[in-house]
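Start from chain A and add chain B according to the hints.
Chains as they are written, first to last, in the numbering used here: chain A, 1 to 359; chain B, 1001 to 1431.
Just so you know, these hints were derived from the structure itself, not from any lab.
Please read these numbers as outputs of a predicted model, since none were measured by experiment.
Where a beta carbon is used, it is the ideal one built from N, C-alpha and C, also for glycine.
Mixed in with the good hints there might be a few duds.
[Stated by the list, open to error] Sample of chain A residues at the chain B side, in silico, Cβ under 7 Å:
#: 1; residue: Ser46
#: 2; residue: Tyr47
#: 3; residue: Ala51
#: 4; residue: Asp159
#: 5; residue: Thr160
#: 6; residue: Gln162
#: 7; residue: Ser166
#: 8; residue: Ala178
#: 9; residue: Asn179
#: 10; residue: Gly257
#: 11; residue: Ala258
#: 12; residue: Glu260
#: 13; residue: Glu263
#: 14; residue: Ala315
#: 15; residue: Val316
#: 16; residue: Lys319
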Amino acid sequence: MIYKETGQFKSTYESDHSIFPLIQDKIAFNILMLVAFLVVPFFIDSYWEKAILIPFLIYSMAAIGLNILTGYCGQVSLGTGGFMAVGAFATYKIMTFFPELNIMIIVLLSGVITAFVGILFGLPSLRIKGFYLAVATLASQFFIIWLFNKVPWFYNYSDTGQITVSERTMFGVAVTGANAPPYATYLFCLILVVVLGFAAKNMIRSKIGRSWMAIRDMDIAAEIIGVPPLKTKLSAFAISSFYIGIAGSLYFAVYLGALEVTESFDIMAISFPVLFMIIIGGLGSMLGSFLGAAFIVLLPIFLKNVMVDLIGLSAVTAKHFEITIWGLLMVVFLILEPHGLARLWSIAKEKLRKWPFPY
Amino acid sequence: MGLKKMLVGLLGSVIAIGGFLEVATADLKFPMLVYRTGAYAPNGIPNADGFVDYYKMINARDGGIGGEKIVFPECETGYKTQVGVECYEKHKENAMVFQPMSTGITYQLIPKASADGVTVYSTGYGRTSAKNGKVFKWIFNAPATYWDGASIAVRHILKQNMGNIKGKKIALVYHNSAYGKEPIRTLQVLAKKHGYKLMLLPVDHPGQEQKATWLKIRKQRPNYVLMWGWGVMNQVAIKQASSIKFPMENFIGIWWSGSENDVMPAGAGAHGYKALTFNAPGDDYQVHKDIKKYVHDKGQASGDGSHFGTVLYNRGLFQAMVQVEAARVAQKIHGTSKITPAMYRDGMENVDLNAKRMEELGFKNFAPPFKNTCENHGGSGLAAVQQWDAKAKKWNMITEYMYGDSEVVDKLIAEDSTKYAKEQKIAMRCN
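Here chain A stands alone, though its shape is the one from the complex (with noise of 0.2 Å):
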């Protein structure tokens, strides 16, 4: 009934190719974008600024870089971490060098440092596949993390190794640095990672994404039909990268704005939590990455408020409890339906389709 079709023609190729073919899809994403633009930015304090909607948003980004490069290619990726940070440290040089540059361009150029760094350690996967790509890209998270611990260069010589941001504006608006109001660090996240997501998913249904699909499916194959595996697999991790860069170097300028690359991009910090993201979300798919980060990231802070403001549990007792209900929670979920939460969401649409007369 809900997702009814019937009578929806399409009668151009526009139409027939357009990201939400159904017109309850385009309805309903068309809300959520007028309420994330023009809702929210009224409303958002420092609270749902920092704690919530910036880390989903910057996470979202992480998972969608990753998506792109284990989703979408199959090229298991551990040095998320790594690639983060190269973003991060590449945003605090750029903005120290070049006090002047905008914001933005500091952002995006960071992502195409990021890109060229994924490229150079993408090189392995042309000769290995699986398990063994994954050793090698944990090999290149903790040799970025070691270098940006050992060449004082990077963190501009501090006593500590820590950076930190300056205020950076946009339209005279601070979006970096402790001043900055929440509704301009939420709207400068939050368009990035639209413009940015909107390309991910063109890129995906056009000829790089169908070759990526290819590679992943049986790369033999896809070089037989044609695909070549070098450029293929290196623009996957160019561009997996470049989103994971921005997504580093947002975490840095707009969400925390002091960090130690020890702690800010260790392994179980920032590598296996946007893993687990587009597993529990959905290998190769956009929605996926948005509903794994929200799984990892937002769930156990609302599961703390619950416990402990509506319940009233200790703190301590709550995070234990916090503990246990989401790994629960994760298993649940994998045993339910082990291509994620994405597909959950799909046959749930697929339900409500036929609802109430499900024969």
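Frame of chain A; chain B shown alone:
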């Protein structure tokens, strides 16, 4: 299938409720960022218990501060910076003071709290150059900083070697984070001054893996080992040191690496291990008697009450005492019991804990006296060396409280804080 749909819906939408649950409170709010879980819990628990017991005692004995009850919501950070940010944002409304109990979180909060007008009190940790009140209006780190600590440790070594440590080798085993890296600069400058060689040995979070570190120490035989460790890292390091038979009296920890929980696991092997401290151990001070009477005997002890009188519990008492005293001073200055966060900062800046005041508060001879001023947010900088007696299971103070090398430290602080002021475009105060 309804269940599946519901669960998916849960993920996307219900988080919305979370943010609106902040409970409004009238009284004096002292939010606590604690960690009773994770790799740092062995140190986090006794410290948090000290805070809670002290606040409860003040509420029960005096009916709060000047008639205003203290509320102290706990927020579990697990020593994680991101969670610390979430906790800060959640509790910053009307908060008097934040005690992050983590140098990483302190660095995070320095710009945020300065913009929001919230006091941050990092007792003997955090950013050392925050001692300079001219630049860091809202940040306090009395009674001593890491750079004081580093130079006091070197002073102790100098004393043992009749003032000559040329050519000696000193190793620093440190937590590879902002916290552990803090003393490096000072130790390097002091190395130039005194002619010792400095070996840097980072240990990554959480610090359980130190085999390679101690193998290096066994091979290169430094004369002294200093440690900036926290949580599980302390226990592992002390165990490793005793297993390679490193002479324990040449192994000196910072004040965060010298609690009972750190040395107990190594058993007799930890005998002779030294650590700095800026408060005395023991449970026979007046404040302990009061806590016993008003809190523990009523069965309201925080946690299981087993940490009563331990080093970190006592430090928690000291930290809480300074915070409460700051509120009293603020009430006096502004002539009202209902102080705002801005008034509280004035109180913190004018805290004067001389020997007489300490005695009135039940802390006689508990810690060296100190005083905050507009320029100096870092207190006296006094610390002593204590040594572990594994047979008696007790820490003994073996030196008087001593000053660090202010000639070196003050210059470094001025340098670092002016650099920060320039980067962040902060105008100097206190002129």
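Each hint tested on the structure:
1. Annotation: A:Ser46 was flagged as interfacial toward chain B, and the flag holds, the nearest CB pair being 6 Å apart, inside 7 Å.
2. Hint on A:Tyr47 holds. Least Cβ distance to chain B is approximately 4 Å, under the 7 Å limit.
3. Because the beta carbon of A:Ala51 sits about 4 Å from the nearest beta carbon in chain B, less than 7 Å, this interface hint is met.
4. For A:Asp159, the interface hint holds, the least distance from its beta-carbon to any beta-carbon of chain B being 4 Å, beneath 7 Å.
5. Against a cut-off of 7 Å between C-beta atoms, the interface hint on A:Thr160 holds, since the closest Cβ of chain B lies about 4 Å away.
6. Restraint check, A:Gln162 versus chain B: the minimum CB separation of about 5 Å is within 7 Å; hint holds.
7. The closest approach between the C-beta of A:Ser166 and any C-beta of chain B is roughly 6 Å, which is under the 7 Å cut-off, so the hint is satisfied.
8. Using the Cβ-Cβ criterion of 7 Å, the hint placing A:Ala178 at the interface with chain B is satisfied: the shortest such distance is roughly 4 Å.
9. Taking 7 Å as the C-beta cut-off, the interface hint given for A:Asn179 holds, the closest approach to chain B being about 5 Å.
10. For A:Gly257, the shortest C-beta to C-beta distance to chain B is roughly 6 Å, which falls under 7 Å, so the interface hint holds.
11. Because the closest C-beta pair between A:Ala258 and chain B is about 5 Å apart, less than 7 Å, the hint holds.
12. Because the smallest distance between the Cβ of A:Glu260 and any Cβ of chain B comes to about 5 Å, under 7 Å, the interface hint for this residue holds.
13. Contact between A:Glu263 and chain B, as hinted, is supported at the beta carbon level, the nearest pair being about 5 Å apart and thus within 7 Å.
14. Proximity of A:Ala315 to chain B holds as hinted, the smallest CB-CB distance being about 4 Å (cut-off 7 Å).
15. Interface restraint check: A:Val316 against chain B, minimum CB-CB distance 4 Å, threshold 7 Å, status holds.
16. For A:Lys319, the interface hint holds, since its Cβ comes within 7 Å of a Cβ in chain B; the closest pair sits about 4 Å apart.
Violation of the numbered hints given earlier is absent; every hint is satisfied by the structure.
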